[in-house]
Amino acid sequence: MELVLAAAIGVLAASGVWLLLRPRTFQVIIGLTLISYAVNLFIFSIGGLRTGADPVLRDVAGDIAQYADPLPQALVLTAIVIGFATTSLFLVVLLTSRGLTGNDHVDGEDGTP
Amino acid sequence: MSNHLIIAPIITPLLVAALQLLVGERRRRTVVMLSIASCIALVLLAAALLQSVSDEGALTAVYRIGDWPARFGIVLVADRLSVLMVLLTSVLGLALLPYALSRWQHRGGHFQSLLQFLLMGLNGGFLTGDLFNLFVFFEVLLAASYGLVLHGSGARRVSAGLHYIAVNLTASMLFLIGVSLIFGVTGTLNMAALAELIPTVPERTRALLHAGAAILGVAFLIKTAMWPLGFWLPRTYAAASPAVAAMFALMTKVGIYVLLRLSLLLFGDGAGPASTHFGSDWMLWGGVATVAAGIVGMLGARDLAKLAGYNVVISSGTLLGAVGLHQRAVTTGALAYLVISTLAIAAFFLVAGLLASDDDDNTDDSLSLEPYEQLDEASAGEGLYAQEDESRVVISAPIALLGGSFFACTLLLAGLPPLSGFLAKFAMLAPMLETGPRVGAMVLFTLIIVAGFCTVIAMCRAGIQIFWADPDRLFPKVRVSETASILLLLGLCLLLTVVVEAPLRYLRDTARQIHTPAAYIHEVLPPTQEPSP
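So the sequence lines, in the order shown, correspond to chains A and B.
No gaps in the numbering here: position 64 of the first sequence is 64 in the numbering used here, and each next residue is one more.
No gaps in the numbering here: position 390 of the second sequence is 1390 in the numbering used here, and each next residue is one more.
Keep in mind that the hints were calculated from the coordinates and are not lab data.
Predicted, not measured: the structure shown is a model, and the values here were computed from it.
All residues carry an ideal CB built from backbone N, CA and C; glycine is no exception.
Certain hints may be false.
[Unchecked claim] Some residues of chain B that are not near chain A, with every Cβ distance over 10 angstroms (derived): (1) 1036; (2) 1088; (3) 1139; (4) 1158; (5) 1169; (6) 1488; (7) 1516.
[Unchecked claim] Under 7 angstroms between C-beta atoms, here's a sample of chain A residues computed to sit facing chain B: (8) 43; (9) 46; (10) 53; (11) 81; (12) 89; (13) 93; (14) 97.
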């Protein structure tokens, strides 16, 4: 499981970085989205991977190691919400830029000083 | 202990901004009044906080949100450094308000509420004692700043804003990776608890902790515009409207604040042999490279706003280098330099905005979408703005005022006597000589002096071109409220030239406090409070 997750994070992050460095806005935003998926998975995995473990203590008895760490899950929730909001904001700016400059370059080839 | 004063600088702008959104853009006077009230209240709150942390008894005040104990809940911590930054933010926000009211707020919607959200994010970032909470406040201030940087629209602004947003979103991802690595190693995100845990981190995972801290540091270094991470800054700041750019002069200082706080708290003298002063060499040499890059950029800058942008870069680099030196006396001077350079750069952005405003009006290809509203309604709106625009009073001799302000900005930014820029720079540079023969300190010292010299050259050249080269040049009309902002900022710098003793004593105590983080840790995590979870 660790290997699959690590590979998934790695592939997402690598594709994201590659897309981020592309010259058009659409590629950049997809790249940012992929990176944020990778980061979210990364945060999720930081509490340790366990199958079928409860995040909240059911009863007082029991080994604390049997439970999943709830904090990374809370963190990843916050990160998802914030990432979603900023990405949608970026989309609006992207569309405005497309309307104003008439092209969708982010590499300085758009004719503005 | 529940001192609600600490959370007030965060709650006030939040409530006011929400109220402004509810009131709506149509009732402009109410919105403006709310803004003014909020900014004045913020200055008063910050002054009250300053008063409360100034007396020897309570140097640090802790506010537990929801009254959860510090390890489980989020804490806000007001110590001398964070209160100083909150005060600086509030004063800058208040000082910029008249300028923003005079014409810039009419170039787009929701300027006032975005400004309030920005103030909330800044204050929250300064006051929080939790790394993830810091991330949230950073996102609040960044989201507001995205809106503000686009304020006024136009192709140049949107194109620069696009880069700014992309860079900052990437930096936020690095922030998250760094935070989660640190959490993975230590199991906490509370800054004080982290400082307590770092000396005990086993050797096996220490490399991971350092990697997390380094990635986190890169996120802040992007915001501080360290070379080579800072190429986004001059173009964005030059494209933003002057009032916004002046407020952004503080935004790079947020990165400096966090680096200063975390490097001294987490990797200070008590962090164990392997972690002590982790990353400080990087900051020192990064600062040196940033100052050098800023000098080159400044000498090549052709318009005033770019010149101001490179001044921001130089000031960031200087502060980074000073933080990297880890000397208490240097930190004192660096804090003084931080305050003065922020105020002076803000004033310079405003002056540059006034000097360039004529060209800006003509060439600015502002947003020309098809009108949503009926035409008569739009023109009625115009009339409404004109009626409510209380700042139509025009000053008759703008050249004297603009020239004088430009000259004062030059003195302050270059650090020439007799103004406070010189005092701050001297307070920072003099202890560097006493640290003994350290190569980094010597290089930084030399470069800061050279940077001051080059600032004089670049500013003189710009000044001659503007004020002397063309005798027929017509200066734009200057309104009283715009002048009020500039005079307020420069007046503060002048005041700090005369009143030196008390502020310097405060800064010295601040430096002493952040260089001995044991008291901070003790205050946030009282040892008897919990029987170890």
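These are the hints, each one checked on the structure:
1. Every CB of chain A is more than 10 angstroms from the CB of residue 1036/B (nearest about 28 angstroms), matching its label as outside the interface.
2. Listed as outside the interface, residue 1088/B is consistent with that label: its C-beta sits roughly 26 angstroms from the nearest C-beta of chain A, beyond the 10 angstroms cut-off.
3. The beta carbon of residue 1139/B is not kept farther than 10 angstroms from every beta carbon of chain A, the shortest such distance being approximately 5 angstroms.
4. With 10 angstroms as the threshold on Cβ separation, the claim that residue 1158/B sits away from chain A is violated: the shortest Cβ distance comes to roughly 5 angstroms.
5. Under the 10 angstroms C-beta cut-off, the non-interface status given to residue 1169/B relative to chain A is violated; the minimum distance is some 5 angstroms.
6. Consistency note on residue 1488/B: stated as away from chain A, and its beta-carbon is indeed over 10 angstroms from all of that chain's, at 32 angstroms minimum.
7. The claim that residue 1516/B lies off the interface holds: its Cβ sits roughly 30 angstroms from the closest Cβ of chain A, which is beyond the 10 angstroms cut-off.
8. About 4 angstroms separates the beta-carbon of residue 43/A from the nearest beta-carbon of chain B, less than 7 angstroms, and the hint is met.
9. The interface hint given for residue 46/A holds, since its Cβ lies 4 angstroms from the closest Cβ of chain B, which is under the 7 angstroms cut-off.
10. Interface restraint check for residue 53/A: the shortest CB-CB distance to chain B comes to about 17 angstroms, outside 7 angstroms, so the restraint is violated.
11. Hint on residue 81/A is violated. Least Cβ distance to chain B is approximately 10 angstroms, over the 7 angstroms limit.
12. For residue 89/A, the interface hint holds, since its Cβ comes within 7 angstroms of a Cβ in chain B; the closest pair sits about 6 angstroms apart.
13. The interface hint given for residue 93/A is met, as the beta carbon of that residue sits about 6 angstroms from the closest beta carbon of chain B, less than 7 angstroms.
14. Look at residue 97/A: its Cβ gets to within about 5 angstroms of chain B, closer than 7 angstroms, so that hint holds up.
In terms of the numbered hints stated before, the structure departs from hints 3, 4, 5, 10, 11, listed from lowest to highest.
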